[in-house]
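The two chains are supplied separately, each in an independent frame; assemble them into the complex guided by the hints.
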Amino acid sequence: GAGVSQSPSNKVTEKGKDVELRCDPISGHTALYWYRQRLGQGLEFLIYFQGNSAPDKSGLPSDRFSAERTGESVSTLTIQRTQQEDSAVYLCASSLTRDRDWAFFGQGTRLTVV
Amino acid sequence: GEDVEQSLFLSVREGDSSVINCTYTDSSSTYLYWYKQEPGAGLQLLTYIFSNMDMKQDQRLTVLLNKKDKHLSLRIADTQTGDSAIYFCAEKDGSQGNLIFGKGTKLSVKP
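Line order of the protein sequences matches chains A and B.
No gaps in the numbering here: position 38 of the first sequence is 38 in our numbering, and each next residue is one more.
No gaps in the numbering here: position 78 of the second sequence is 78 in our numbering, and each next residue is one more.
Be aware that a few hints might be false.
Stated by the list, open to error - When the alpha-carbon atoms are kept at most 20 Å apart in a straight line, the in silico DMTMM-like pairs for lysine to aspartate or glutamate are as follows: (1) B:56 <-> B:83; (2) B:56 <-> B:69; (3) A:17 <-> A:85; (4) B:103 <-> A:85; (5) B:36 <-> A:44; (6) B:36 <-> B:14; (7) B:110 <-> B:78; (8) B:103 <-> B:26; (9) B:106 <-> B:16; (10) B:67 <-> B:26; (11) A:57 <-> B:93; (12) B:106 <-> A:44; (13) B:68 <-> B:26; (14) B:36 <-> B:16; (15) B:103 <-> B:38; (16) B:70 <-> B:3; (17) A:57 <-> B:3; (18) B:103 <-> A:44.
Calculated directly from the structure, the hints in this document are not laboratory data.
Isolated chain B (complex conformation) (with noise of 0.2 Å):
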């Protein structure tokens, strides 16, 4: 079956830059997402990218995607304390639509 697999914990100080990296194996995903959760909070989506892009950046954030080797990541520069957070990726299932997360991984972001 489908699966999304991520490191679950990155450690950086304040002002690196920040690389989640997210691996997928539904090659049909249409769409691919990154969610943020805050500690106590609910999910909330981050940003997205479409399956026929290689790159999307968004402000802070830059998302690439390699189709071929089904490899996700996002990018964060200039890494704040306030970016800490559990970061997870999904992808959309192609056939059924169905969301497939990732375990999530833990950003902690040291001053």
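Chain A extracted, bound-state conformation (with noise of 0.2 Å):
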């Protein structure tokens, strides 16, 4: 595609239910990130995936937070049980490869969790 594709963009889900977030990257694109953003604050490192490595999941903040993708193509991010402190918005940015080209951002997923 032309450019980093997340759905939803908008998201409400009750506390307690599981939710899953999409990110197309640009194709072609061997890395993808997942960071959170918090209203008013900087980006919080979640997953890195690069090529058919194995991820780098050292920012995600607990065991109900998941995430896959498949070769170098769609990932989905897994928020289980939700909690309140969970609202954000997820932002997903890929890359051409791992070195020297830089991120292209999603618009990313506004998750409010009620």
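Structural data, given as structure tokens:
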């Protein structure tokens, strides 16, 4: 596609429910990143995929968070048993390679847990 | 671990120059970036600099890199109200390829 696409753009869910967020990276981009941005805060790294290598999951805040990516295509971020503190904008980005290329960001998914 | 630090706020008058500073810790970083986030919008790459460069100029933007002190700055000449946004400094982890972001500097431009 022309850019990084995220869906849904907005999600309101009840506390305790599971949610799944989707990211379609730019075609051919081997690197994919997930970040969380709470209201008025900076970007918090969650997870990083690079090609077929094992993902860097060091930023996932708890075992309720998981993410998958099949090859160099779509990624899904799953949050189980959502809590109010999970409310944030979840940003996905992709880059062509791991080394020199800058990342292109999607518009984000705004998650509200009520 | 790697860390990127920025001051949180900067306020300037329209027409003045803005200088946003950033410090980073990973000496193996190969690229350093400045991203811009306008209210309610996603992040947009503004400019970047390769670690073997000292300076990069792109129209109103000047990036200065002091690799010895691990200090990066972004200067915006003739700042306009449309430059009001949050500016994020980011480094690319030289060993892992991950992007590490600062918390962002909110630039307010007063007319």
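Results for each hint:
Restraint check: the Cα-Cα separation between residue 56 of chain B and residue 83 of chain B comes to about 19 Å, which is no more than 20 Å; the hinted pair holds. Proximity of residue 56 of chain B to residue 69 of chain B is assessed by CA-CA distance (about 17 Å); at most 20 Å being required, the pair is judged to hold. For the hint linking residue 17 of chain A to residue 85 of chain A, the alpha-carbon distance of about 13 Å falls within 20 Å, and the restraint holds. Annotation: proposed proximity of residue 103 of chain B to residue 85 of chain A holds, straight-line Cα distance about 18 Å (limit 20 Å).
Between residue 36 of chain B and residue 44 of chain A the alpha-carbon distance is near 16 Å, which keeps this suggested pair within the 20 Å criterion. At most 20 Å may separate the alpha-carbon atoms for a hinted pair to count; residue 36 of chain B and residue 14 of chain B meet this at roughly 18 Å. The hinted pair formed by residue 110 of chain B and residue 78 of chain B meets the criterion: a straight-line CA distance of about 12 Å does not exceed 20 Å. Proposed proximity of residue 103 of chain B and residue 26 of chain B is supported: the alpha carbons are some 16 Å apart, at most 20 Å.
As the CA atoms of residue 106 of chain B and residue 16 of chain B are separated by approximately 16 Å, the hinted pair is consistent with the 20 Å bound. Taken as a hint, the residue 67 of chain B and residue 26 of chain B pair is honoured in the structure, with Cα atoms around 10 Å apart against an allowance of 20 Å. Pair hint residue 57 of chain A plus residue 93 of chain B holds up; C-alpha atoms about 15 Å apart against a cutoff of 20 Å. Simply put, residue 106 of chain B and residue 44 of chain A have alpha-carbon atoms about 17 Å apart, close enough for the 20 Å limit, and the pair holds.
A hinted pair counts as satisfied when its Cα atoms are at most 20 Å apart, and residue 68 of chain B with residue 26 of chain B qualifies at roughly 11 Å. Taking the CA atoms of residue 36 of chain B and residue 16 of chain B, the gap is about 19 Å. The hint holds against a cut of 20 Å. Between residue 103 of chain B and residue 38 of chain B the CA atoms are separated by roughly 15 Å; this keeps the pair inside 20 Å, and the hint holds. The suggested pairing of residue 70 of chain B with residue 3 of chain B holds, with an alpha-carbon distance near 11 Å, which does not exceed 20 Å.
A C-alpha spacing of about 17 Å is found between residue 57 of chain A and residue 3 of chain B, which places the hinted pair at or below 20 Å, so the restraint holds. Between the alpha carbons of residue 103 of chain B and residue 44 of chain A the distance comes to roughly 9 Å, so the proposed pair stays at or under 20 Å and holds.
No hint from the list above goes unmet by this structure.
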